[in-house]
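Student: Here is what each chain is made of, one letter per residue.
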Amino acid sequence: MELLYFAWVRETVGLGHQQVTPPDHVATVADLLDWLAADSDAHRAAFADRARLRAAVDQQFLPLDASVAGAREVAIFPPVTGG
Amino acid sequence: MELLYFAWVRETVGLGHQQVTPPDHVATVADLLDWLAADSDAHRAAFADRARLRAAVDQQFLPLDASVAGAREVAIFPPVTGG
Amino acid sequence: MIRIRVEPAPIDVAAEMALAEAGEAGAVATFTGLVRADDGVETLELEHYPGATQAALHALAEQAMGRWGLHAATVVHRVGPMRAGERIVFVAAAAAHRAAALDACAYLIDRLKTDAPFWKREVRAGVATWVEARQGDEAAAARWSI
Amino acid sequence: MIRIRVEPAPIDVAAEMALAEAGEAGAVATFTGLVRADDGVETLELEHYPGATQAALHALAEQAMGRWGLHAATVVHRVGPMRAGERIVFVAAAAAHRAAALDACAYLIDRLKTDAPFWKREVRAGVATWVEARQGDEAAAARWSI
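Protein sequence lines, in the order shown, are assigned to chains A, B, C and D. Under this note's numbering, the residue at position 39 of the first sequence is numbered 39, and the numbers go up by one with no gaps. Under this note's numbering, the residue at position 69 of the second sequence is numbered 69, and the numbers go up by one with no gaps. Under this note's numbering, the residue at position 60 of the third sequence is numbered 60, and the numbers go up by one with no gaps. Under this note's numbering, the residue at position 145 of the fourth sequence is numbered 145, and the numbers go up by one with no gaps.
It is worth saying that the hints were derived from the structure and are not from the lab. Treat each hint with caution, since some may be false.
Unchecked claim - Some, not all, of what chain C presents toward chain B, calculated at C-beta under 7 Å: (1) Gly-33; (2) Ile-109; (3) Ala-116; (4) Arg-124; (5) Gly-126; (6) Val-127; (7) Ala-128; (8) Val-131.
Just so you know, even glycine gets a beta-carbon here, dropped at the ideal spot from N, CA and C.
Looking at chain A on its own, in the form it has when it is part of the complex:
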């Protein structure tokens, strides 16, 4: 699974993207964030305030309780501020 980070999430994680293979108990985006935060201070800091995070699963914008089953690409980012 390819993970993508944008804006201050990218800066806090310290990576723009990373390839991971989550264990079977990771069912949703929120589970994925928990799993990533468990082993990394940088990820934990970036994902601390879930209300400030948005996600896309295979480029579909979805809430954090959306499934990541079979996903190839999951993006984590702050609320958008374009225009």
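With chain A held as given, fit chains B, C and D onto it using these hints.
Tutor: Here is chains B, C and D on its own, set in the frame of chain A:
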């Protein structure tokens, strides 16, 4: 008093403008139209349907019952169609 | 800054945009009206009431500037003959934020349609017809009454 | 015709206007967002989600085309660094009549603000800050829900 005509009113009257000195009983724009129509077929044809006419007195857009007392310039025209 | 132009020359949108943006606004909304080609019009002729036209457009721009706190309001209206596809009118509203710019732009064109002394004559297959005023224009202008 | 561009080059409004007008529309409404100079921003940097951005903007343009029967919908968004006074975004809606063009233009920019994956970082006196999303943007986008 300078009279100005625009659009099909101008074409039907056959004049773009004319100088007139109305008698004292001409108090409103409607009176002015009646007075002009009395002596001229072209004016009568142009002013026949009052619902299709609009007026400006000294460049203020006003209803046909508006006073023309002391006016220097009265314009008669159809509803506007710009933009 | 208020900018009003009523003239026979074609409308230069790039130049007008640059002027509207010059006031350090964050948002510029524009409306452009064009001679439609799809209903057989070959030539459109715009007649106006010189002097009164500029005054009416200036009053409209001042109202928009005050009501929405604009940085700039632009109204450019072409007069005389023009062909299908050419621009008839261009309005622009520049503001700090987008809601003010968008609303002021809609206000300017809605009110121009009923308040400014312009008359259109269309020529189709060599026959000229004066355009009739649209009922919908009165309603569109009325929604801006406070 | 739908036209979507996401690129670091400055936005050429005259060229975009000419393309939006090409469909024989009678009415073109546009919105331009600019980097405001009045709050001390020296540089604005726009980051986006390549691929997803274009898809989101295309979906938005298609919705506007269908809902208002547009001749053309244009969304041009600049990315990368830009300076005060420069254009960030340009949207245009071309239709037969003005109400459709004005409403579709407002829809495109309101929905772009909440639906398209762009992020702004402002640099003031050498210090970079990520811009926070505005509550008002959610409300502005929500008013277009059917």
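Student: Determine which of the earlier numbered hints do not hold for this structure and return their numbers in increasing order.
Tutor: Of the numbered hints, 4, 5, 6 and 7 do not hold.
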